[in-house]
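Engineer: What follows is the residue order along each chain.
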Amino acid sequence: MKRVFMSMVIVLVIVSLMFTACGKTPETAAPGTSSSPSGSPSTDSGSKDKTVKLTYFNTSAEVNEMFEKMFARYNELFPNVVIELIPTGIGEGQQEKLQSLFASGNGPTFMNVDPANVIEYQDRLVEFTKDNAPWLFEYANESAIEGGTFGGKVLGAPWSVQGYGLLYNKRIVDQVYNGQFDPTTINTRDALQAFFEKIEAAGIPATMLHGANWSLGGHYLTLTYAVQGPATTDGTGFIDSIKAGTQKIEDSPIFQGYMDTLDLLVKYNYNKADPLVADFNHDILAFAQGKCATFFMGDWAWTSMVGLENFDTEYGFIPVPWSNNPEDYGNTEVVMVLPKFQCIDKSQNTEEQYKAALDALGWMLTDPEGQQFFLDAGFYMPYKNVRTDIKYNSMTTSISEYASRGKTINLGCFSYITGDAWTETGNLMLKYVAGAINRQELADGINNYWRSVK
Amino acid sequence: MISRKKSLKNAGLFITFMGPSLIAFTCILVIPFLYGVFLTFTNYNPVKGTKDFVGFANFIAIFSDKEFMTQFLKTLLYVFYSTVFCNLLAFILAYILTSNIKTQNFLRSGFFTPNLIGGIILGYIWKFIFANVITQLGHSWDFEPLKTSLLTHPDRAILAMIIVTVWQYAGYLMMIYIAGFVGIKKEVLEAADIDGAKGMKKLFYITIPSMVPSFIICFFITISRGFMAYDLNLALTNGAPYGSTRLASMHIYQKAFQANQYAVGQAEAIVLFIVVALVTVTQVMLTKKYEVEA
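Chains A and B are the protein sequences, given in the same order. The opening residue of the first sequence carries number 1 in this note's numbering; numbering runs sequentially from there. The opening residue of the second sequence carries number 1001 in this note's numbering; numbering runs sequentially from there.
Next up, chain B with everything else stripped away, as it sits in the complex:
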């Protein structure tokens, strides 16, 4: 009887604290999501007002959309390289900025600043830098590779997007890594010193294993944001040159709202969702294995 009363009380507490956010979550995320899944089985068109059941036709249409496949592969490449370079740079920066150098506070806020600028504005700023500033420098130095804009060649435009992404997120991830560095127990490091571990050895055997939680979160952030990159893509390249840099999100958007194939676009969005979910869950599970208790 007592335990029953207690569990009832627990449920009450749960609803009091979780209820409001749960309702908000349901209304603005779960319901639209399920409705979105439902729409993929219809020939939804808000202009004509149709919403008839068509079965799996939309998912079959994805396979005949060759463009979606190529852009998806390109998105994978983009996500891979931006994840690697973002984290590498962020880790190096964090390492340097926790080794007690002068002006480290100033430098920390300096590297963090790009993250405070929105993706659209950032895209336009870098577009100007790539198209005008760098080409101008190329002409005044008479250095051939810089004379043409990075944004006008399909492969180099993707490179430009990776550069800007790294620039944008490295500072943000650096903060997380700094927290990781600071969070390592002094005793552990001292013990390593006494045992004679130095420099690189200490970094690889003590520091990095103790920072696995930071790696989990940083990889998760870069991978999931990379897949869903849209604002930077829109402002920096908008698919140029000739549609070669339309990442998955932009392709889906154009499919739905410009080619007016709403349901096919929605089906592609669901596919993207599943892929992102699979990749990030796998990543978190794999990296969790390396977590150590100090």
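So that you can see chain A by itself, here it is in the shape it has in the complex:
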């Protein structure tokens, strides 16, 4: 009897322990309501002897180490600020991790995230103003600041620029053209076709498409929105009118033009026997070894090439022309995009924390020592005070040349292509490339997708 009683007591103790543990869920501040949750005893940001602990959520998984070194150095300079990195892996569920951090009340102080996330989390973020972040407005390029502006507020600090278009292998193209190739001559679809035919005549497959939904949906199809006009609102307005049902995508000559060009790319595709294999390493290897002359991809391809042996190092970009009028917007430009933004959370971090975060971010992005970390990792930073004596890889150099001539497509609307948009429309694009649907069915599918999104 005594034993039974004891065991019941033990069980009761365990149960009560478990329930108190379960019950202690941290209070999450409703977004947008309070800026500093009560709980931290000190709000005096001036006190020097108190250490402030910040957390940094990073989705640029390839440079986790770079951020770690940067934070260690920052801690040497400012011993009262400790920044802890929350790393994520490539292909790991990054969005899910961020969602769970916020759902459990442990929202990170900084976030380095995709533009779509900035929109999702906008109610939680600190707005950058000339008062709290003067460094941003003094040094960042105007277009980059505009890219980080969402709903009239600057919520994301830009830090790197990437670009995409039709990459070409200079060694191969120079072989065919005897070193006389001028990329600016490819400004119409006919010129592109002539270029492809000339290369094919030399026995080299002219181009390559990567048969993945992010490449064809996220990058190629997005061109048809972005090229509607140079302003971000031109692209988003076009999408909005498709959503509203007042516009059908197939009625846009730009869509039709890009699809004609896509047909051309499909015709000369190196992977045309099996276009949907979508093995990135395989495609990178084939392109780096000169098995085909051009590749619809961006300058991030370089990072994947560095590890290869005996690969070509000289590349350049040519635009993807959609019409036969060289004056049309998009025919002489390549895409320039701000793939990631730095944001600061105020919904679950104290005022002291986010003020310290603003200072740290200023140092990272505009102090020469902070910038050096990004430059060493090969990033092209959209800031006016960046050292000019840096030698970038050939792809980034080519993008920056287009940028210096003002020949870039503003991909601002890309930020608004959120959620499963590029997976779903990308899957339709893959069907089209594989010949499973025709162009009208593709257009219907895209229209239907946008109308189903609230």
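The set of hints was computed from the structure by calculation and includes no laboratory data.
Stretch by stretch, here's where chain B covers chain A in the computed footprint (C-beta under 8 Å, at least three residues):
{"#": "1", "stretch": "94–102"}
{"#": "2", "stretch": "119–133"}
{"#": "3", "stretch": "271–278"}
{"#": "4", "stretch": "428–440"}
Each residue gets a CB set at the ideal place from its N, CA and C atoms; glycine is no exception.
Could you slot chain B onto chain A? The hints should help.
Structural biologist: For chain B alone, kept in the frame of chain A given last:
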């Protein structure tokens, strides 16, 4: 009085032994499950922080999600074929490996090995085999059907998934069937021999009926795992080509975390749970009927 004391003692013993696991089970399975059911009636969104009651709206939304329906049918096909072929192959292997052939111990562990490799790694290995090795063979033999990867055509990609599933689970089920074969009483088999039952007849009238418990457990394993297949799906096809091989679990995951419709995804998960529960309970009840006492 005595009986009351005894029942109290029994209850005490029950709590001592069952209590801890019951609490653990409640905390990590029952409570989250019930909370999950609760979430299906709200417009839960962890990013925006909303959790308002919306009634059955999420369940109604499932019916307008045509994709979920088609993927669900595809999942049923996948489960059906993988269950049939897994068990067929496992049974044949077990039959051969209990008929006293040489190297049977070595072969048993060999067939079991694929099950020790995790689904993700297995998926990547087979992806490489389908996309690179087989296509290479197709080119060197100049054999047209092998030249393109199995993974780039919607119907063939499902076939590829079934092949890998069979490869992964057949060895595991084989072990269960071997135990079933070994567990048949010698006297029964001898009696059958004396009565003149031979070969196939002995297999169908004596061996298989005595092994019904093994069939119950093996079918249960393949059916329930088939419905919930995710890791292999992710690593091998990730929905490719063009989203045609997203099985139910993957569709639910993408609905919740990529399309950011958490509550709808959760409602679909509950529907999947009910279907899996119904199918497996029916299967166990139906097969139990064939159980015989030796």
